[in-house]
Amino acid sequence: MRFLPHTDSDRQAMLESIGVAAIRDLFADIPAEFHIEQGSLALGDALSEAAIMRKFTRAADKNRNATNTRYFLGGGTYHHFVPAVVDYIISRGEFLTAYTPYQPEISQGTLQALFEFQTMIARLTGMDVSNASMYEAATATAEAALMARRVTRKSRVVMAGSVNPRYRAVTANYLSRLDGDYVEVDMGCFGTDLDRVIGAIDASTACVIVQYPDFYGSVYDLAPLRAACDAAKCLMVVAFSDISAFALIESPGALGADIAVGSGQSLGIPMGFGGPHLGLFTCKQQYMRQMPGRVCGLTTDAGGKRGFVLTLSTREQHIRREKATSNICSNQGLMCTAAVTYMALMGDEGLNTVARHSAAALQSLVARLPAHVRAAQGARYNETVLSFADSAARDRFLAAAKERALFAGIPLEQIDAAAEPRHLLIATTEMVEADDINDYLDLLEVAK
Amino acid sequence: MRFLPHTDSDRQAMLESIGVAAIRDLFADIPAEFHIEQGSLALGDALSEAAIMRKFTRAADKNRNATNTRYFLGGGTYHHFVPAVVDYIISRGEFLTAYTPYQPEISQGTLQALFEFQTMIARLTGMDVSNASMYEAATATAEAALMARRVTRKSRVVMAGSVNPRYRAVTANYLSRLDGDYVEVDMGCFGTDLDRVIGAIDASTACVIVQYPDFYGSVYDLAPLRAACDAAKCLMVVAFSDISAFALIESPGALGADIAVGSGQSLGIPMGFGGPHLGLFTCKQQYMRQMPGRVCGLTTDAGGKRGFVLTLSTREQHIRREKATSNICSNQGLMCTAAVTYMALMGDEGLNTVARHSAAALQSLVARLPAHVRAAQGARYNETVLSFADSAARDRFLAAAKERALFAGIPLEQIDAAAEPRHLLIATTEMVEADDINDYLDLLEVAK
Amino acid sequence: HEEPVLFEHAHEAPESINLPGVDGDISPELSAFARKTPASIPGLSEPEAVRHFVRLSQWNHGIETGFYPLGSCTMKYNPRVNEQVVRLPGLAHIHPDQPEETTQGVLELMYELQGWLGEISGLPYVTLQPAAGAHGELVGLMMIRAALDARGQQHRRKVLVPDSAHGTNPASATLCGMHTVELKSGADGRIDLEELKRHLDDETAALMMTNPNTAGAFESDIKEICRLVHEAGALVYGDGANLNALVGVARPGDMGIDCLHINVHKTFSTPHGGGGPGGGPVAVNEALAPYLPVPRIEKHGDTYSLVHSCETSVGPVLGAPGQIGVLLRASAYIAAFGRQHLHRIAEDAVLNANYVLNRLKGRYHVPFDGLCKHECLLTDEWQEKHGVKTIDIAKRLIDLGFHPMTVYFPLIVHGAMLIEPTETESRETLDAFCDAMIDIADACEAGDTAMLHDAPLKPFRRRLDETQAARKPVLVWPK
Amino acid sequence: HEEPVLFEHAHEAPESINLPGVDGDISPELSAFARKTPASIPGLSEPEAVRHFVRLSQWNHGIETGFYPLGSCTMKYNPRVNEQVVRLPGLAHIHPDQPEETTQGVLELMYELQGWLGEISGLPYVTLQPAAGAHGELVGLMMIRAALDARGQQHRRKVLVPDSAHGTNPASATLCGMHTVELKSGADGRIDLEELKRHLDDETAALMMTNPNTAGAFESDIKEICRLVHEAGALVYGDGANLNALVGVARPGDMGIDCLHINVHKTFSTPHGGGGPGGGPVAVNEALAPYLPVPRIEKHGDTYSLVHSCETSVGPVLGAPGQIGVLLRASAYIAAFGRQHLHRIAEDAVLNANYVLNRLKGRYHVPFDGLCKHECLLTDEWQEKHGVKTIDIAKRLIDLGFHPMTVYFPLIVHGAMLIEPTETESRETLDAFCDAMIDIADACEAGDTAMLHDAPLKPFRRRLDETQAARKPVLVWPK
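So the sequences go chain by chain: P, X, W and E.
Here the first sequence is numbered in our numbering, starting from 1 and rising by one per residue.
Here the second sequence is numbered in our numbering, starting from 1 and rising by one per residue.
Here the third sequence is numbered in our numbering, starting from 1 and rising by one per residue.
Here the fourth sequence is numbered in our numbering, starting from 1 and rising by one per residue.
In case anyone wonders, no lab produced these hints; they're calculated from the structure.
Watch out, some of these pointers could steer you wrong.
As the list claims (entries may be wrong) - In silico DSS-like pairs for lysine-lysine, Cα to Cα no more than 27 Å straight-line:
#: 1; chain 1: X; residue 1: LYS284; chain 2: E; residue 2: LYS36
#: 2; chain 1: E; residue 1: LYS472; chain 2: X; residue 2: LYS305
#: 3; chain 1: E; residue 1: LYS158; chain 2: X; residue 2: LYS154
#: 4; chain 1: X; residue 1: LYS55; chain 2: P; residue 2: LYS402
#: 5; chain 1: W; residue 1: LYS389; chain 2: W; residue 2: LYS184
#: 6; chain 1: X; residue 1: LYS62; chain 2: E; residue 2: LYS184
#: 7; chain 1: E; residue 1: LYS472; chain 2: X; residue 2: LYS402
#: 8; chain 1: E; residue 1: LYS385; chain 2: X; residue 2: LYS55
#: 9; chain 1: W; residue 1: LYS458; chain 2: E; residue 2: LYS36
#: 10; chain 1: E; residue 1: LYS472; chain 2: X; residue 2: LYS323
#: 11; chain 1: W; residue 1: LYS479; chain 2: P; residue 2: LYS305
#: 12; chain 1: X; residue 1: LYS305; chain 2: X; residue 2: LYS233
#: 13; chain 1: W; residue 1: LYS458; chain 2: P; residue 2: LYS323
Quick caveat: nothing in here was measured; it's all calculated off a predicted structure.
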C-alpha cells in the first residue's frame with residue numbers, strides 16, 4: 001500500500017518495543033466476536049492509482065459538463081468563470097492539508113486569508129462582519145433564523161415564499177424540532193410581494209427571511225421591509241444565492257439587513273454537482289457574539305507583531321457544548337481561501353464586470369424572446385422564469401437544446417414541487433456568450 | 001491585461017521620475033522607421049482566460065489521447081504511468097518558476113533534487129556519474145559522439161543501424177559539419193548484429209554507438225563489443241530509449257559502457273506529442289570533465305553545513321565560450337525533478353514491476369500471435385516488430401484497431417524511411433492490461 | 001518577510017482580469033437598483049495575487065510539510081491522485097439540477113460509496129448528505145427522534161453524553177430539540193455502566209458515544225452498553241470521529257450501534273483544507289432506514305436517481321446532494337485499499353499510537369493504563385511540578401518542527417495531550433517526535449524551562465494574544 | 001529543519017506503489033539478461049515522498065515567491081492557466097507517432113504559433129523544433145551555413161561575435177563547424193562600426209548579435225550594421241534572448257536581421273523550471289526558408305501535417321517535433337495579449353528597467369549612459385572602494401528578500417550587475433528592490449560592510465564553497 005510507510009520489519013520492531021507479538025494483539029480489547037475476517041468486506045478490489053484514474057474518468061465521461069455543454073442553469077449553483085490561479089492556490093499542500101488553525105503561530109497563512117476573506121465578504125454584502133464560512137446557503141439560512149431567535153429572544157420565523165425552496169425546506173426542517181412558529185408566505189407570483197411578507201409579521205416574530213435577488217431572480221426594494229422590521233422589533237434576514245450580484249446592485253447591508261446569508265459558490269468555486277460550496281454568514285456588529293461558526297480576528301503576538309487568531313470561541317461547541325450558538329465545527333475553510341483568491345484577482349472592477357455580463361446576457365435573451373415564450377416581469381439580475389404554453393412545449397425545447405449541447409434551464413417543479421410544469425428557471429453568467437444566446441433563441445422555435 | 005501590475009497612474013508617475021513624457025520616448029533609440037503601429041500585427045484578438053481554455057480545449061478534443069485510447073506505441077516515446085504526485089511536485093511554483101540554480105543559497109531545493117536525480121540515474125544505468133539532463137535522447141546521442149571525440153582525440157564515429165533512426169539522423173547531422181567520418185552499419189535484421197558493428201571499427205574510431213535495448217526492442221550481449229572497443233581504444237557508447245528496462249535487465253554500466261545516453265521520458269513524464277522529454281547523459285568517472293551540460297555537486301557552506309552547487313562550470317559555454325564542451329545552456333531541469341520524484345515513489349521494487357509488466361505484456365502478446373503475423377525473433381524488452389503479409393493487411397488491421405480505440409503500433413517506415421511498409425513497431429508498458437492484449441489479438445483477424 | 005494584508009497594498013487596482021461574456025446593456029429596471037458605492041475589493045494583477053497567496057501559504061504547517069499528531073482529528077496523508085479525480089471536468093463542472101441522464105456517472109459513484117460505507121460500518125443504510133461530522137450528528141439524532149416519534153414516544157428527548165465526548169455531541173442534541181445529560185466517566189476513562197444505568201429511563205432517546213473514546217480507549221463493554229440502552233427503549237448513536245481505529249477490523253453496527261456518522265475528512269483522508277470542507281455521511285440500521293434524509297441516491301434497474309420525496313424521511317438537511325467533491329476523494333481512498341487492504345488502515349494507526357504511547361509512558365503521565373487504539377492520552381501532571389504546562393509543551397513542539405498534539409481535550413483529565421499519529425506516518429517520524437517529547441521532559445526535569453515558556457520562537461509569529469482578540473474583536477479590516 | 005538526502009533515509013523501502021498491467025511471465029530469452037544487483041533506488045511511501053519534495057521546494061526562490069531581477073534571463077510571471085492548458089489530456093497524453101488525423105488539434109495550434117512568431121519577429125518562416133535558445137543558435141547557423149554553401153561559398157566559416165555576447169553564441173558556432181572572431185565593443189558598449197568593418201571579409205559567414213545588447217542598450221546602428229554585413233556577403237544572426245524589449249514594438253526582421261531565435265521561456269513566459277525545459281524557435285526570412293529543419297508543420301487544404309523530408313533542409317535537429325508543452329504555453333501567453341496588447345509587454349518591461357536605472361544611477365556606477373531597454377547595467381566600481389564587490393551586493397540582496405541580479409555578465413565591464421525587472425513586476429516591488437540597493441550603497445559608504453561580506457545569513461544555507469565542489473567533484477551519493 002503506497003500510503004503506508006512501514007515495512008514489515010518496521011512493524012515487527014515496533015511490536016517488540018510495545019511488547020506484543022502481533023498487530024491483532026493491539027485489538028485484544030475489542031471482543032473477539034466483533035473481529036471481522038480480513039478481506040471479507042464487500043468492497044471493490046484494491047486499485048492501483050492508474051486504475052483509480054481510469055475508473056473515475058470513465059464515470060466522469062458519463063456526465064455532461066460545462067466544458068462541452070452550455071449552461072443556463074442556476075437555482076443556487078452557477079457556472080461562473082474560475083481562474084486557474086484559484087485552483088492552484090487551494091491545491092498547494094500548505095493550504096489544502098492544514099487543519100483548522102487552532103495553533104495560530106504556524107497557521108498565519110490560513111488565518112490571514114480568512115481575515116481577508118471576512119473583510120471582503122463584509123464589504124461585498126455591505127455588512128459589518130462576516131464569519132469564516134458555513135457549509136452552504138440552505139443551512140446558513142437555517143442558522144440565521146436560529147441566531148435571530150437568540151438575538152430577539154422571540155421564536156417566530158417568517159419566510160418569504162420567494163426564497164429558494166431548498167433554503168426554505170432546510171430552515172423549516174431545522175426549526176421543526178424547536179419551539180416556535182414558522183410561517184411561509186406564499187407570493188402568488190415569480191417575485192417577492194413585500195406587502196404579503198410584511199403582513200405576516202407580528203409581535204412574536206424573531207425575523208423575516210427574504211431572498212434578494214430572490215429565487216426567481218427578482219430585484220426589489222427592501223426599504224418597506226426594513227421599516228416593518230423596525231416597527232416589529234424583529235430582524236431582517238436577507239438570503240442570496242449568487243453573491244456576484246452585489247458588485248452591481250445595492251448590497252443587503254446598504255438596504256438594512258441585520259443578517260445576510262447565502263452562497264459564495266460564485267466566487268471561484270466550481271459547481272461540483274452541488275458541493276463543496278461555500279456558505280456565507282454576515283451580520284451587524286452588535287450581533288457578532290451570537291454568530292454561529294468560526295471567526296478570525298486581529299491581535300498581536302508576544303513580540304508585538306500583528307497576527308491573527310480564531311476568536312470568540314466561547315460561542316462555540318467545543319467550549320460551550322450544549323449552550324453553543326451552533327454545533328458547527330468543520331466548515332468550508334478551503335473554500336474561503338478559494339473565494340478570497342478569486343476576489344483578489346477580480347477586484348471591484350472584475351467583480352462588476354462579472355455581474356454586468358451576467359445581467360446583460362439575461363437582458364439580451366429576454367429582450368428578444370419570441371411571443372410564445374414569456375419571461376417574468378420586473379427587474380431581474382441574472383435569473384428569471386420563462387413560461388411556455390404547456391409542459392410539452394417546454395420539454396420539446398429542453399430536449400432539442402440538450403441535443404445541441406445546451407442545458408436551457410431547470411424545470412421549475414424540479415426545485416419547487418408546487419410549480420406548474422410549464423415554467424423554466426433560467427440563469428446566465430459571464431460564461432454565456434452572444435452566440436449561445438442566439439442559439440438559445442433559435443432553439444425556442446421548437447416550443448411553438 | 002491581467003499580467004501587468006501597473007495602473008496608468010503608476011506609469012505616469014514612473015515616467016515623470018525618469019523624466020520622459022511618454023513610454024514611447026523610452027524607445028527613441030530605435031529608429032522611427034522600425035516602430036510598428038500598435039495593434040497592426042496579424043495575431044489573434046486578445047483572449048480572456050476563459051476563452052483561452054475554450055480554445056485549447058477545443059483543439060485538444062480534436063486529438064485522440066491515452067485516456068480514451070489504448071497505446072501500443074513506442075519508438076522512443078512511451079505511455080508509462082505517471083503518478084499524480086509527480087505532477088503536483090513539478091507544479092509547485094517553487095520548482096516550476098525557479099531559474100537555473102546559479103545562486104545556490106536560495107536554490108537548495110532544486111539542487112538537492114538534481115543531486116538525487118544524478119545519483120539515481122547513475123545507479124539505474126550502472127554508470128559512475130550523470131549530468132543534470134540534456135534536451136532529449138537524439139541530441140544526447142549526438143553529444144555523446146562529440147564527447148567521445150574529445151576524450152579519444154579521434155574523430156571517426158561508428159553507429160549501429162539498429163539505433164533509433166532519429167537518434168542516428170540527428171547525430172549524423174551534428175557530425176556532418178565537423179571533420180571526421182561517420183559510419184552507419186546496416187544490420188540486415190530487426191536487431192543488432194554486433195559482428196557487423198565490430199567489423200566497422202578501425203584505429204581512427206572515437207566511439208561505437210549502439211542502442212540497448214535497440215530500436216527494435218532487441219536485448220543482446222554487449223561483451224564482444226566491449227572487448228572490441230578496448231582493443232581499438234575507442235569508447236563504447238550505449239543509447240537507450242526506455243530506461244525502465246534497466247530495472248529488469250543488466251545496465252549499460254555493468255556491460256561496460258563508457259558513456260550511456262538516452263531518454264528519461266519513461267520516468268514520470270507524459271508523452272506530450274514528443275516533448276518536453278528528458279535527455280540523460282551518464283559516463284565513467286574519468287571522463288566526467290568532458291561531459292556536456294550542467295552538473296550538480298556536493299560541497300559545504302560557510303557554516304560547514306552540507307550543500308549543493310552547480311559545478312564543473314569551466315567546461316561550459318558561459319565561461320569557456322567557443323571552447324566549451326557543448327553550447328547547451330537551458331536543459332530540462334524541471335523534468336529532472338519529475339524523474340527523481342517518480343523514482344522515489346517507485347524505488348527498486350516499483351521500477352522493477354514497471355519493467356516486468358511492460359515485458360510481460362509483450363510476451364503475452366507475442367506468444368499468442370496468429371500464424372499470419374510474425375514477430376521478430378530473440379530477446380525483446382517491451383518493443384518488437386511485427387511483420388504482416390503486406391502493407392494492405394497491416395493497414396487494415398491498424399484502421400480496425402483505431403476504430404476500436406486502440407493504436408496498434410507505428411508503421412515502421414514512418415520512423416525508418418528505409419523499412420518495407422508491411423512492418424509494425426509495437427511497444428507495451430504497464431498501462432497495457434490483459435484485456436487490451438486480448439482485443440489486440442482479436443483485431444489481428446482482419447489482417448488475415 | 002512580512003506580507004501585507006491585501007487592503008494595505010499601496011497602489012490602486014490595475015486593469016482587471018479580462019472576462020468573457022456578453023458586454024451589453026443591463027435592463028433599465030435593474031439599473032435602478034445600482035450599487036451606489038463600490039465594495040472596495042482591492043484588485044491585484046495576477047502576478048501579485050499569486051505571490052501574495054503563495055507567500056501566505058508558506059506560513060502554514062500542513063500534513064505535506066510535517067507531522068500533525070492532532071488527537072481525534074486524524075490528520076493523515078491526503079493522496080494527490082484524489083485531487084486529480086475531483087478535477088475531472090465531468091465531476092467538477094456539473095450542475096446538481098442538470099438532466100439526470102447526464103449525471104449517471106457521478107450518481108453511480110455516490111451509490112457505490114453508500115454501499116461501501118454501509119459495509120464498513122456494518123450499518124447498511126447510508127446518507128451522504130451531511131456536510132461535516134457535526135451535521136451528521138444532527139441528522140442522526142433527527143432520525144433517532146423520528147423513529148421514537150413513530151413509536152409514539154414523543155417524550156423521549158433526553159440524550160446521554162459522556163463527559164469525554166466531543167462538544168459537538170451536546171450541541172447537536174440541542175439543535176435537534178433535545179436535552180443532554182452528562183455521564184461521568186469511570187476511573188478508567190470509559191463509560192461507567194452503573195452511571196449509565198442510573199440515567200437510562202423512559203425519557204431517554206439515545207446514548208451518544210464515541211468508540212474508541214476520546215481518551216483513545218476502546219469501550220470494551222460496548223455490547224452490554226448497547227444492550228442496556230436498547231433495553232431502556234433508547235438508541236445508540238455512534239460518533240464516528242474515531243473510526244480510524246476500527247476501519248476494516250471491526251464494525252460499529254455489529255456491536256449494537258444503531259446510527260453512526262463517518263468523518264470522511266478523518267478516516268477517508270479528504271483534506272482538512274484549513275478547516276473544511278468535510279463530509280459526515282450517516283450510516284444506520286434497518287430500523288432507522290425509513291428516516292434517512294432526502295434527496296436519496298437510489299438505483300432502479302440500470303438507472304441512478306436522486307429521490308427527493310419520501311414520507312417517512314426526516315426531510316432535507318442540506319441544499320445539495322452532499323459535499324460531492326469531498327465524497328469522491330473518500331471513495332478514491334477506499335478504492336485504493338480495497339477489500340484486501342482496508343484493515344491495514346486501522347492496524348497501522350493503532351500500531352503507531354501504541355508505539356508512541358510506549359515510548360513516552362515513562363516520561364509523561366498516562367492517566368488511563370492499557371492499550372490505546374488510534375490515539376494516546378497523556379497529561380502534563382509530571383511537568384507541571386516544574387512549572388511547565390501542556391500549552392508550553394505544545395508550543396515548544398512547534399520550535400522542534402512538529403505541529404502540537406490536541407491539547408486540553410478530552411476534558412476529563414487535567415492538562416490533556418491527545419496524540420494521534422495515523423497510519424501514514426513513518427517510524428522515523430514517530431521516533432523524531434518521541435525524541436522531541438523526551439527532550440522536553442528532560443528540559444523540565446533539568447529546570448531548563450525558559451525556552452518552554454517562551455516558545456515558539458522559530459515560526460513567523462510568537463504566541464498570539466487570544467484574550468485581546470476576543471475582548472475587542474477586530475474581524476474586518478477598517479475601510 | 002534539515003531534510004536528509006533520499007539515500008540517507010533510515011528505513012528500508014516499504015511496499016511499493018501498486019501498479020497496473022500484466023503481471024505475467026517475461027520471455028525466457030529476456031530472463032537471461034536479468035540485472036544481477038538492484039539499482040538501489042530508495043523507495044518511499046507516498047506520504048514520505050511528498051513531504052520530502054515539498055520541503056525541498058521550500059528552500060527555493062521562485063518567481064512566485066519573490067522578485068527575480070536576473071538580467072538577460074527575463075524572469076517574468078508564468079501564468080497558471082498555461083499550466084492547465086498543457087495538462088489537457090488531449091495535449092499531454094498524445095504520442096508523436098500516432099496517426100496524423102488524430103493529432104490535428106495540436107498541429108493546428110503549432111502551425112498557428114509558427115505564424116505568430118513569424119509575425120512578431122518580422123521573419124515569416126519559423127521552425128519550432130529547437131529545444132532551447134542555444135539549440136536555436138545552432139539551428140540558425142546551420143541554415144546560414146547551408147544558404148552560403150548553396151551559393152557556393154563553402155569558405156565562409158567565420159562568425160563575428162561581439163565581446164558582450166552570450167557564451168552560447170561562440171559555442172554554437174563551434175558546434176556548427178565554424179570559428180568565431182570576437183568584436184570589441186565600442187566605448188558605449190555597442191557594436192563599433194569600424195571594428196565590424198575591419199573584420200568583415202569574404203570568409204565571414206555571419207555576424208551574431210543581440211539587440212538590445214547584453215548591456216541593455218539598443219544597437220541604434222542596426223540598419224547600417226546589417227547593410228555592412230550583407231554587403232560583405234554575410235548574414236546577420238539575431239540572438240533573441242532580449243526580444244522582450246521589442247515584442248510588439250519593433251521587429252528584428254524589419255531591421256535587416258536574417259535569422260533570429262526566440263527564447264519562449266523568456267519572452268513568452270514559459271516557466272524556467274529550475275533550468276529548463278526551454279524552447280528556441282527560429283524565425284528566418286525567405287532566403288533562408290528552404291533550409292528550415294525537418295519535420296516541418298505544414299497545412300495543405302484543411303489538413304495539418306508533419307513533413308519529414310525536404311531536400312534543401314538542414315535536416316533533423318531533435319528527435320521530436322519540438323518541446324510541444326513549452327510551445328503551447330508560449331502560444332497561450334501570446335493569445336492572452338493578442339494583437340491589441342502585445343506591445344505592452346515591451347513597453348512595461350522597458351519602463352520598469354528605466355525606472356530602476358533612474359532610481360539607482362546616482363548610487364551605483366552606470367558604465368554606459370542613456371536609455372536602457374528591458375534591462376539596465378550597473379557595476380560595483382563605487383562600492384569596490386569600500387571593499388565591497390558585486391558578489392557581496394548580490395548575496396546581501398538575498399538577506400533583504402530578493403534574488404540577486406545577473407552578476408559578472410556581460411564581461412565587457414568589471415563587476416557587472418545586470419538588472420531586468422520584466423513587465424510583470426509592480427512599482428511597489430521595484431521600489432522595495434531599489435530601496436534595498438540604496439541601503440546597500442549606504443552601508444558601503446558608512447563602512448558597515450561586515451554584513452555584506454557575511455551575507456547571506458537568512459536562507460537555509462550560507463555561501464557555498466564552489467571551489468571545493470569543482471576540485472573534488474562529488475556528483476553522486478556513494479552507495
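Going through the hints against the structure:
1. Between LYS284 of chain X and LYS36 of chain E the alpha-carbon distance is near 20 Å, which keeps this suggested pair within the 27 Å criterion.
2. The hinted pair formed by LYS472 of chain E and LYS305 of chain X meets the criterion: a straight-line CA distance of about 17 Å does not exceed 27 Å.
3. Among the hinted pairs, LYS158 of chain E with LYS154 of chain X is consistent with the structure: their alpha-carbon atoms are about 24 Å apart, no more than 27 Å.
4. For a cut-off of 27 Å, the pair hint linking LYS55 of chain X to LYS402 of chain P stands: about 22 Å separates their Cα positions.
5. About 25 Å separates the Cα atoms of LYS389 of chain W and LYS184 of chain W, which keeps this hinted pair within 27 Å; it holds.
6. Annotation: proposed proximity of LYS62 of chain X to LYS184 of chain E is violated, straight-line Cα distance about 53 Å (limit 27 Å).
7. With a C-alpha separation of about 55 Å, the suggested pair LYS472 of chain E and LYS402 of chain X falls outside the 27 Å cut-off, and the hint is violated.
8. Only pairs whose Cα atoms come within 27 Å are accepted, and LYS385 of chain E paired with LYS55 of chain X is rejected, the gap being roughly 57 Å.
9. Pair hint LYS458 of chain W plus LYS36 of chain E does not hold up; C-alpha atoms about 48 Å apart against a cutoff of 27 Å.
10. Restraint check for LYS472 of chain E and LYS323 of chain X: satisfied, since their Cα atoms lie roughly 22 Å apart, inside the 27 Å limit.
11. Restraint check for LYS479 of chain W and LYS305 of chain P: the C-alpha separation of about 21 Å stays at or below 27 Å, so the hint holds.
12. Under the criterion of a C-alpha separation no larger than 27 Å, the hint pairing LYS305 of chain X with LYS233 of chain X is inconsistent with the structure, at around 42 Å.
13. A hinted pair counts as satisfied when its Cα atoms are at most 27 Å apart, and LYS458 of chain W with LYS323 of chain P does not qualify at roughly 38 Å.
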